[in-house]
Structure formats: C-alpha cells, structure tokens
Amino acid sequence: MSIVYWLTSSGLEKNMNRFLLLLFLLAIASCSPGNSSGDSVKYQQYFVQGEQLYNTHCSNCHQKSGKGLGLLYPPLDESDYMTNNLSSVICLIKYGKSGELIVNGKQYNQVMPGVPILTDLEIAEIATYIYNSWTHDEGLIEVAEVTKVLQQCEGED
Amino acid sequence: MSRLILLVIVVGLISGCEKKVKPLPIFGQREVVNGDTVYHHIAKYQFVDQDSAIITNDTFKDQIYVADFFFTSCRTICPIMKTQMLRVYESTAELPDVKLLSHTIDPEYDTVALLHDFARKLGVSSDRWHFVTGAKDSIYKIAQTSYFATAMEDKSEPDGFIHSGAFLLIDKQQRLRGKYDGTKEEDVNRLLVDIKRLRKEYE
Numbered sequence: 001m002s003i004v005y006w007l008t009s010s011g012l013e014k015n016m017n018r019f020l021l022l023l024f025l026l027a028i029a030s031c032s033p034g035n036s037s038g039d040s041v042k043y044q045q046y047f048v049q050g051e052q053l054y055n056t057h058c059s060n061c062h063q064k065s066g067k068g069l070g071l072l073y074p075p076l077d078e079s080d081y082m083t084n085n086l087s088s089v090i091c092l093i094k095y096g097k098s099g100e101l102i103v104n105g106k107q108y109n110q111v112m113p114g115v116p117i118l119t120d121l122e123i124a125e126i127a128t129y130i131y132n133s134w135t136h137d138e139g140l141i142e143v144a145e146v147t148k149v150l151q152q153c154e155g156e157d
Numbered sequence: 001m002s003r004l005i006l007l008v009i010v011v012g013l014i015s016g017c018e019k020k021v022k023p024l025p026i027f028g029q030r031e032v033v034n035g036d037t038v039y040h041h042i043a044k045y046q047f048v049d050q051d052s053a054i055i056t057n058d059t060f061k062d063q064i065y066v067a068d069f070f071f072t073s074c075r076t077i078c079p080i081m082k083t084q085m086l087r088v089y090e091s092t093a094e095l096p097d098v099k100l101l102s103h104t105i106d107p108e109y110d111t112v113a114l115l116h117d118f119a120r121k122l123g124v125s126s127d128r129w130h131f132v133t134g135a136k137d138s139i140y141k142i143a144q145t146s147y148f149a150t151a152m153e154d155k156s157e158p159d160g161f162i163h164s165g166a167f168l169l170i171d172k173q174q175r176l177r178g179k180y181d182g183t184k185e186e187d188v189n190r191l192l193v194d195i196k197r198l199r200k201e202y203e
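Chains as they are written, first to last, in the numbering used here: chain G, 1 to 157; chain C, 1 to 203.
Hint data in this document are derived by calculation from the structure and do not stem from the laboratory. Possibly wrong hints are sitting among the right ones.
[Said to hold, decoys possible] Each computed BS3-like pair below joins lysine-lysine, with the alpha-carbon atoms no more than 30 angstroms apart:
#1 C:Lys61 x C:Lys155
#2 G:Lys67 x C:Lys179
#3 C:Lys196 x G:Lys67
#4 C:Lys184 x G:Lys67
#5 C:Lys172 x G:Lys94
#6 C:Lys141 x G:Lys64
#7 C:Lys184 x G:Lys64
#8 G:Lys106 x C:Lys184
#9 C:Lys184 x C:Lys121
#10 C:Lys99 x G:Lys67
#11 C:Lys141 x C:Lys172
#12 G:Lys97 x C:Lys184
#13 C:Lys172 x C:Lys136
#14 C:Lys172 x G:Lys106
#15 G:Lys42 x G:Lys94
#16 G:Lys67 x C:Lys172
#17 C:Lys22 x C:Lys99
#18 C:Lys121 x G:Lys64
#19 G:Lys94 x C:Lys121
[Claimed, not checked] One side of the interface only, derived from the structure: several residues of chain C facing chain G at Cβ under 8 angstroms:
#20 Arg75
#21 Thr76
#22 Ile80
#23 Lys82
#24 Thr83
#25 Ala93
#26 Pro96
#27 Lys121
#28 Leu122
None of the values given here were measured: they were computed from a predicted structure. From the three backbone atoms N, C-alpha and C, an ideal C-beta is built for every residue, glycine too.
Whenever a hint applies, use it, and build me the whole structure from the sequences.
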C-alpha cells in the first residue's frame, strides 16, 4: 500500500527515482539465491571451479570471452552446437574432436585436443561453467550425468 | 595575483614541452665504421608465404613490420598470440606502411597449403600479413640471431617446441626496435603505441 502511495504522492521525477530504487531492490533480491538449499551452493561451487578449469584448459583457444578465433576456434559464447549437443560436448572436453563441425552455420575443421586427465567432477564443473556463461543458462550439470555420458563416448569423434 | 598565475602557466608550458617523447631503443650491438654507427639489423632471408610468394628483406622495404614465431598445431600460447596479433592487424588496417610477418617453427608440418588455410580461417589478407615457411635451420637461426627470440625443437615439451611468445617490432632500416610479450594484452597495447611512435620518426 505504502508503495502505491509513494508512487502517486509526489512529482514525476521523484516518483521515477523511487521506481528505480524499487527496481534496484528487486534486482538484488532476485540475485541472491532464492532458496538456501544445497543445490544452489553446489551450483556456485561448480561454477567457480569450472571457471578456473576453463581458464587453464580452454581459454587459450576459445578465449576468456568465449568468442573463439576466426574460423580456427569456434565460439562458445553463442553456439547452437552447444545448445543441441550436450553429450557430444561432454565427450569432446575429455577426448577432443576433429573433423568437420558446424557452429551457427559456419564450418570449422581443426583439431581440438582433449584433456583426458580431467575427472568426471571436473568435466561437470567445466560444463556447468560454459553452460551458464555468456548467453547460456542451462543450470547445474551433474557429475552423475557426465559419468553416464562419458561411458558412451567411444566411437564418437 | 594574476601575474603569479600567468607565471605558473608559463612555467608549466615550458616544462611540459621539455618532456619530449623518447625515441624507441635500438636493440643489439652497434659498431662504429668510418665514423658512422652501424646498428644490429635483420640478416638476409628468403622464405615462402601462404600464397607461395617469395618473401625477403625487400618485401619490407620502407615498411615497419611486426614479427613472431609460431606453428599452426600449437595448442599452448600460439592461439593467444594469434588472437593478439589479429588485434595488431585490425588496429593497423589504416596504416599502409605497417605489415605483419609470422614464421612457422614447424616447417615440416606447416606447408604453404596449410598456412594458406590457416590465414583464410583467421580471415586475414596476405598483402598485410605474411605467414612464412622455409628451411628449418634458417628459421631457427634468424629467430635467435636476428630477432633475439627463442625457437627450437624439444621433444620433451608438450607441443614439441620451445618458443617465446614474443612480438618483435622492426623499423624501416630493418632494425629491432621493440620486444613485447604476445600473450599479454597490456604488452600488446604497448606495441600499438610504439608503432605510432615509430611511424612519427619517419614523418
């Protein structure tokens, strides 16, 4: 009630300021984890770890910005390939990828070396990071899922 | 009071003018021959670029150029170097006297065809950015003795080579005028400023 009163009580400019303040408060409220359940803590941990691993193993080629480089290294920031091929992406992180590959309608054909020393947990962390950065918003990617996918990678490539 | 202000302004202006831009250093040994100073300069070379064109010192006559050493299959620092070199390429697009020269240090693998493909995928034009290959020994030798850059084979390294990520700035007299870490954005910013400074010397 008092908000309605606020917004209608005084001059336009003042109202505008209050409105902005209100928006700001709403934004803050929506940023903090909505529920304090284990999931969002886990998500945070995965994301933070994933970012570090990404900077160690991936950003050389794909860049910190995820923009890639020309037609040599495909972009991750916006990638229909990523959106449509979660399983293949999990596999290529570990085992690498070569041959033709189409991202956003452009053809790439270079070798991406895999990082076989990564554990399933680390791959889940990297996947969580890249799938929730830039334009992506897929939420947590669980280790169990990664483990399951990795068992079926053989023969892909 | 107003005189005092005037004085301050004048003094300020004078001291401001005195802070002249220092010229870039000239790297390497120098000798005095018949009273003239002879500076270290890039030795004679002949390589082949991505269009099968012969590239020699004459290609860069009256040109400033930036050189580096890399190879296409390198997964460690080269992608970062190429990202940074692309920035140099883009930000010197309007400068007709600035060129780029990337030498492969893996000439057995990096054939002309492969370099051609690499340049195409990077989206750059061969009249401003030459990717060259040649005899391995000549490339290693010129890296070490002319450009003071590290480049050698080492099977124990993850990529099979030891090489520095250096970008080298060469002036129109083929002298080495600057050395930058091509894997660091800030250092490449310094290079971009130095290219402008170097061009001023020829105005």
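Comparing the hints with the structure gives:
Taken as a hint, the lysine 61 of chain C and lysine 155 of chain C pair is broken in the structure, with Cα atoms around 37 angstroms apart against an allowance of 30 angstroms. This hinted pair checks out: lysine 67 of chain G and lysine 179 of chain C have alpha carbons roughly 27 angstroms apart, not beyond 30 angstroms. Between lysine 196 of chain C and lysine 67 of chain G the CA atoms are separated by roughly 28 angstroms; this keeps the pair inside 30 angstroms, and the hint holds. Proposed proximity of lysine 184 of chain C and lysine 67 of chain G is supported: the alpha carbons are some 17 angstroms apart, at most 30 angstroms.
Of the pairs offered as hints, the one joining lysine 172 of chain C and lysine 94 of chain G is violated, with about 48 angstroms between alpha carbons and a cut-off of 30 angstroms exceeded. Our distance criterion of 30 angstroms between C-alpha atoms is broken by lysine 141 of chain C and lysine 64 of chain G, whose separation comes to about 34 angstroms. Between the alpha carbons of lysine 184 of chain C and lysine 64 of chain G the distance comes to roughly 13 angstroms, so the proposed pair stays at or under 30 angstroms and holds. Annotation: proposed proximity of lysine 106 of chain G to lysine 184 of chain C holds, straight-line Cα distance about 29 angstroms (limit 30 angstroms).
For the given pair, lysine 184 of chain C sits about 23 angstroms from lysine 121 of chain C by alpha-carbon distance, which is consistent with the 30 angstroms threshold. Proximity of lysine 99 of chain C to lysine 67 of chain G is assessed by CA-CA distance (about 25 angstroms); at most 30 angstroms being required, the pair is judged to hold. Distance check on the hinted pair: lysine 141 of chain C and lysine 172 of chain C sit about 21 angstroms apart at the alpha-carbon level, within 30 angstroms; holds. The suggested pairing of lysine 97 of chain G with lysine 184 of chain C holds, with an alpha-carbon distance near 28 angstroms, which does not exceed 30 angstroms.
Taking the CA atoms of lysine 172 of chain C and lysine 136 of chain C, the gap is near 26 angstroms; set against the 30 angstroms cutoff, the hint holds. Of the pairs offered as hints, the one joining lysine 172 of chain C and lysine 106 of chain G is violated, with about 39 angstroms between alpha carbons and a cut-off of 30 angstroms exceeded. Taking the CA atoms of lysine 42 of chain G and lysine 94 of chain G, the gap is about 22 angstroms. The hint holds against a cut of 30 angstroms. Under the criterion of a C-alpha separation no larger than 30 angstroms, the hint pairing lysine 67 of chain G with lysine 172 of chain C is inconsistent with the structure, at around 35 angstroms.
At most 30 angstroms may separate the alpha-carbon atoms for a hinted pair to count; lysine 22 of chain C and lysine 99 of chain C meet this at roughly 24 angstroms. At most 30 angstroms may separate the alpha-carbon atoms for a hinted pair to count; lysine 121 of chain C and lysine 64 of chain G meet this at roughly 20 angstroms. Between lysine 94 of chain G and lysine 121 of chain C the CA atoms are separated by roughly 25 angstroms; this keeps the pair inside 30 angstroms, and the hint holds. A distance limit of 8 angstroms between C-beta atoms decides the matter here; for arginine 75 of chain C the minimum to chain G is near 6 angstroms, and the interface restraint holds.
Taken as an interface hint, threonine 76 of chain C checks out: its beta carbon lies about 7 angstroms from the nearest beta carbon of chain G, inside 8 angstroms. Checking isoleucine 80 of chain C against chain G by beta carbon gives a least distance of about 6 angstroms; that is within 8 angstroms, so the hint holds. About 6 angstroms separates the beta-carbon of lysine 82 of chain C from the nearest beta-carbon of chain G, less than 8 angstroms, and the hint is met. About 5 angstroms separates the beta-carbon of threonine 83 of chain C from the nearest beta-carbon of chain G, less than 8 angstroms, and the hint is met.
Evaluation of the alanine 93 of chain C hint against chain G yields a violated restraint, the C-beta minimum of about 15 angstroms exceeding 8 angstroms. Hint status for proline 96 of chain C: violated, given a least beta-carbon distance of 23 angstroms to chain G, over 8 angstroms. Hint status for lysine 121 of chain C relative to chain G: holds, with the closest Cβ pair at about 4 angstroms, below 8 angstroms. At a threshold of 8 angstroms, the smallest CB-CB gap from leucine 122 of chain C to chain G is about 4 angstroms, leaving the interface hint in force.
Of the numbered hints stated above, those contradicted by the structure are hints 1, 5, 6, 14, 16, 25, 26, listed in ascending order.
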